[in-house]
Amino acid sequence: MEENKDFTEVEKDIHCDDRANPPSPLDSTEPIYNEPVLPEELHSYLITGDKEPIIQLVKDISAVQLSLALNELSDDEVVLFYSTIQIDYDKLGEIFSYLSIEKRISLISNLAKKVLVQVLNNVSNDDLGDFLEDLTKGNREKILSLLPKKRQQLIKELARYSDDTVGSIMTTEYLAVASGSTVKSIFEKIKQIGNTLETVRTIFIVDKSNKLLGMEQLESMMFENEDEIIDNIMQKDFPYISPIADKEQAVPICEEYDIPVLAVVSKTGEMLGILTFDDVMDVLEEENTEDVLKQGAVNPTQTPYMETKIFRIARSYVVWLIILLLINTFTGIIVSRFESALLTLPILISFVPALNDSVGNSGSQTTSMVIRALTTEKLEKKSYFKIIMKEALTGLLTGLVIAAFNFGWVMIELNTPLLKVTEEMKNTLLIDLNFTNIQHGYMVIAAIVSTALFIGVFLSKLFAAILPLLAKLVHIDPATMSGPLVASLMDIMTLLIYFTIAMVVINSINPGLLAI
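In this text, residue positions in the sequence shown follow our numbering: the first is -11, and each later residue adds one.
Possibly wrong hints are sitting among the right ones.
[Said to hold, decoys possible] Taking CB as the label site, the calculated pair distances span: (1) K138 x E29: 53 to 59 Å; (2) I337 x V389: 24 to 30 Å; (3) I89 x A435: 58 to 64 Å; (4) I43 x S197: 45 to 51 Å; (5) Y245 x P136: 33 to 39 Å; (6) F299 x Q74: 36 to 42 Å; (7) I89 x L406: 25 to 31 Å; (8) E214 x S371: 47 to 53 Å; (9) K378 x K144: 47 to 53 Å; (10) I464 x T424: 54 to 60 Å; (11) R325 x I232: 48 to 54 Å.
[Stated by the list, open to error] Computed list of lysine-lysine pairs in DSS-like fashion (alpha-carbon distance at most 27 Å, straight line): (12) K125 x K138; (13) K144 x K102; (14) K101 x K138; (15) K199 x K224; (16) K374 x K460; (17) K224 x K172; (18) K137 x K196; (19) K101 x K39; (20) K79 x K39; (21) K369 x K460; (22) K408 x K378; (23) K255 x K224; (24) K172 x K144; (25) K255 x K460; (26) K297 x K91; (27) K125 x K378; (28) K125 x K91; (29) K255 x K378; (30) K144 x K199; (31) K369 x K255; (32) K91 x K47; (33) K224 x K137; (34) K102 x K91; (35) K125 x K199; (36) K91 x K130; (37) K224 x K177; (38) K179 x K47; (39) K137 x K179; (40) K101 x K47.
Derived from the structure by calculation, the hints contain no laboratory data. Don't be surprised by glycine CBs; every beta carbon is placed ideally from N, CA and C.
Throw the hints in and build the complete structure from the sequences for me.
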């Protein structure tokens, strides 16, 4: 009977058709995202004036996904979207923060004043402050005039901080409670104003003069007696940062203490604001982007690439290209100074590209390693000498290995059609330089190239380690010591070493053949 069917048979029935039991998304190793909103979908709803699907999208889809779709629409359609969805202004304010700068400027210029005020009231102070920096004076004053006096003052205070400081990115919407508060009263306060704050995960305890006394995590408070005084359970030993500190300093603090929120405190101990995890992640991304651009000899900009004007991109390229051009003119000067050596053994010029590239790449390797160490590790000044010695020894070892390999490779090049060795050059080796065997002459050429390569690699790694450390000592971003800059300096040094060795060797074999 069906009722007596054993478990094994039932299990077989259940799994007999895989199509009836598709694998769970949780079994997949691929990241799972919400279904993206198609710009065409939003476009069709806006054109037909169908509000209900749009309202449902606003409720169901994240602000990030909605902003991505809106960025693909025209400015007029984005204005229509905001004019149509006059509900859930908290969500609309969040979407506003993710929109491109062009779309936001279009909104403040074309959106009805009543709607614009509601949207701006739901944009966080730090996001709104960042937006105001990108506006003209007229638009800036227009937005400020729509805000309450108290909020205007807060945003103006944030604007006083330099762009590279913690104060410029801190959030002033945090949960602060008075010393002596009970756990119960704190939970009641969270219910009342929690939705207006950036986060309630971390509670800050302050005295009557707003001086920070301690902090406590919401998760920990949930297990405390509701009549417990917060002062008895709060953390009194906690990390914090100054508003005038470089914002990049916040990254290692949050990483070391593994905290979701970092307090921003004045030198007198007054609580000013907070940095949230997403603020710190933005700083980390910005820092990494700047380092990559600087190492590529490009002046970094704060604007995303797709939103940056062509003129501004060109300007970020031109400055470094002119600097590198001026530096590289010394290469031509060196070649002209050693013209006699090149005329005697013109084949020497054939090895210049490989020499320059190898030495330049060697320096770039070290620059990348040292800059990365300075960025991610807490290095004290006393460790700088250790870094230099480490790279010096690495340069010696690397240089020896590369030079030995290069000697054999040059011999192969000279004895095969890889390099064109003319009869005139062979005569120079046999007659002018008095070699009895052409192979002896080839070995001298290979030795000249390999010796220059060994010295070049060693000095390249040494200088590539010193330059970022020196920049750090004089408070310049080490990433400024970019790969192209180091490579250009190494090119000059390599040519100078190479041609000097060649002239010394040629003159030692046949004094008077060349004039040093």
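Hints versus structure:
{"no.": "1", "hint": "K138 x E29: 53 to 59 Å", "in the structure": "violated (40 Å)"}
{"no.": "2", "hint": "I337 x V389: 24 to 30 Å", "in the structure": "holds (25 Å)"}
{"no.": "3", "hint": "I89 x A435: 58 to 64 Å", "in the structure": "holds (60 Å)"}
{"no.": "4", "hint": "I43 x S197: 45 to 51 Å", "in the structure": "holds (46 Å)"}
{"no.": "5", "hint": "Y245 x P136: 33 to 39 Å", "in the structure": "holds (35 Å)"}
{"no.": "6", "hint": "F299 x Q74: 36 to 42 Å", "in the structure": "holds (38 Å)"}
{"no.": "7", "hint": "I89 x L406: 25 to 31 Å", "in the structure": "violated (55 Å)"}
{"no.": "8", "hint": "E214 x S371: 47 to 53 Å", "in the structure": "holds (50 Å)"}
{"no.": "9", "hint": "K378 x K144: 47 to 53 Å", "in the structure": "holds (49 Å)"}
{"no.": "10", "hint": "I464 x T424: 54 to 60 Å", "in the structure": "holds (56 Å)"}
{"no.": "11", "hint": "R325 x I232: 48 to 54 Å", "in the structure": "holds (51 Å)"}
{"no.": "12", "hint": "K125 x K138", "in the structure": "holds (20 Å)"}
{"no.": "13", "hint": "K144 x K102", "in the structure": "holds (23 Å)"}
{"no.": "14", "hint": "K101 x K138", "in the structure": "holds (20 Å)"}
{"no.": "15", "hint": "K199 x K224", "in the structure": "holds (13 Å)"}
{"no.": "16", "hint": "K374 x K460", "in the structure": "holds (15 Å)"}
{"no.": "17", "hint": "K224 x K172", "in the structure": "holds (20 Å)"}
{"no.": "18", "hint": "K137 x K196", "in the structure": "holds (23 Å)"}
{"no.": "19", "hint": "K101 x K39", "in the structure": "holds (21 Å)"}
{"no.": "20", "hint": "K79 x K39", "in the structure": "holds (16 Å)"}
{"no.": "21", "hint": "K369 x K460", "in the structure": "holds (9 Å)"}
{"no.": "22", "hint": "K408 x K378", "in the structure": "violated (40 Å)"}
{"no.": "23", "hint": "K255 x K224", "in the structure": "holds (17 Å)"}
{"no.": "24", "hint": "K172 x K144", "in the structure": "violated (35 Å)"}
{"no.": "25", "hint": "K255 x K460", "in the structure": "holds (25 Å)"}
{"no.": "26", "hint": "K297 x K91", "in the structure": "holds (15 Å)"}
{"no.": "27", "hint": "K125 x K378", "in the structure": "violated (53 Å)"}
{"no.": "28", "hint": "K125 x K91", "in the structure": "holds (18 Å)"}
{"no.": "29", "hint": "K255 x K378", "in the structure": "violated (39 Å)"}
{"no.": "30", "hint": "K144 x K199", "in the structure": "holds (22 Å)"}
{"no.": "31", "hint": "K369 x K255", "in the structure": "holds (26 Å)"}
{"no.": "32", "hint": "K91 x K47", "in the structure": "holds (21 Å)"}
{"no.": "33", "hint": "K224 x K137", "in the structure": "violated (34 Å)"}
{"no.": "34", "hint": "K102 x K91", "in the structure": "holds (18 Å)"}
{"no.": "35", "hint": "K125 x K199", "in the structure": "violated (35 Å)"}
{"no.": "36", "hint": "K91 x K130", "in the structure": "holds (17 Å)"}
{"no.": "37", "hint": "K224 x K177", "in the structure": "holds (22 Å)"}
{"no.": "38", "hint": "K179 x K47", "in the structure": "holds (21 Å)"}
{"no.": "39", "hint": "K137 x K179", "in the structure": "holds (26 Å)"}
{"no.": "40", "hint": "K101 x K47", "in the structure": "holds (24 Å)"}
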